[in-house]
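The sequence shown lines up with residues 0 to 114 when you count with numbering that gives the first Met the number 0.
Quick caveat, the hints were computed from the structure, so don't treat them as lab data. The structure displayed is predicted, hence computed values, not measured ones. Any given hint could turn out to be false.
Said to hold, decoys possible - Computed Cβ-Cβ distance ranges for the label pairs, DEER-style:
1. Gln22 <-> Ala50: 50 to 58 angstroms
2. Ala73 <-> Gly35: 51 to 59 angstroms
3. Thr43 <-> Ser114: 39 to 47 angstroms
4. Glu92 <-> Asn113: 22 to 30 angstroms
5. Glu62 <-> Lys105: 54 to 62 angstroms
6. Lys84 <-> Glu62: 53 to 61 angstroms
7. Arg78 <-> Gln41: 37 to 45 angstroms
8. Leu112 <-> Lys80: 14 to 22 angstroms
9. Lys81 <-> Thr48: 16 to 24 angstroms
10. Glu64 <-> Trp23: 56 to 64 angstroms
11. Ala79 <-> Lys55: 30 to 38 angstroms
All C-beta atoms in this analysis are idealised placements derived from N, C-alpha and C, irrespective of residue type, glycine included.
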Amino acid sequence: MSSTIATADKKPEPQGMRKNGKQWHPSRKAFRPASGLTSYEQRTKLRTTTAAMKAKEKEMKDEKEAERQQRVQAIKEKRAKKEEKERYEKMAEKMHKKRVERLKRKEKRNKLLNS
0 MSSTIATADK KPEPQGMRKN GKQWHPSRKA FRPASGLTSY EQRTKLRTTT AAMKAKEKEM
60 KDEKEAERQQ RVQAIKEKRA KKEEKERYEK MAEKMHKKRV ERLKRKEKRN KLLNS
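Please work from the sequences and hints to get the whole structure.
This is the structure in structure tokens:
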């Protein structure tokens, strides 16, 4: 007897004719703005996942920036070495070779002392 009542309850109740006469429109449900609110646990879980994601993104960006800075530094060192070499070549044109070598050694000593 109870099974027959349960099956009767599952059937959707037939809707009557619409008052405005627009039966072709789909029927709407009541507007409940609070129905979509999330629970505190869901919000905290979402916050922790987004925080972890942002931390990972920041780490990846920092690694990328460090690699870029390393490349830039290598280029700067290469240019400085090239300029120094050209400067010594210009000095060699005007001065004797041994004097240029002495100046190189002297500048290296000064550079080591200053750094």
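Status of each hint after checking the structure:
Checked against the hint of 50 to 58 angstroms, the C-beta distance between glutamine 22 and alanine 50 comes to roughly 51 angstroms, which is consistent with it. Checked against the hint of 51 to 59 angstroms, the C-beta distance between alanine 73 and glycine 35 comes to roughly 54 angstroms, which is consistent with it. Range check, threonine 43 to serine 114: Cβ separation about 52 angstroms, and the 39 to 47 angstroms hint is violated. Under the hint 22 to 30 angstroms, the C-beta atoms of glutamate 92 and asparagine 113, about 27 angstroms apart, fit the expected range.
Evaluation of the 54 to 62 angstroms hint for glutamate 62 and lysine 105 yields a failure: the beta carbon distance comes to about 41 angstroms. The hinted range of 53 to 61 angstroms is not satisfied by lysine 84 and glutamate 62, whose Cβ atoms lie roughly 33 angstroms apart. Here the CB-CB span from arginine 78 to glutamine 41 is close to 55 angstroms, at odds with the stated 37 to 45 angstroms. Checking the proposed 14 to 22 angstroms range against leucine 112 and lysine 80 shows it holds: the Cβ atoms sit about 20 angstroms from each other.
The beta-carbon spacing between lysine 81 and threonine 48, approximately 50 angstroms, falls outside the hinted interval of 16 to 24 angstroms. Between glutamate 64 and tryptophan 23 the Cβ separation comes to about 60 angstroms, which falls inside the hinted range of 56 to 64 angstroms. Checked against the hint of 30 to 38 angstroms, the pair alanine 79 and lysine 55 passes, with Cβ atoms roughly 36 angstroms apart.
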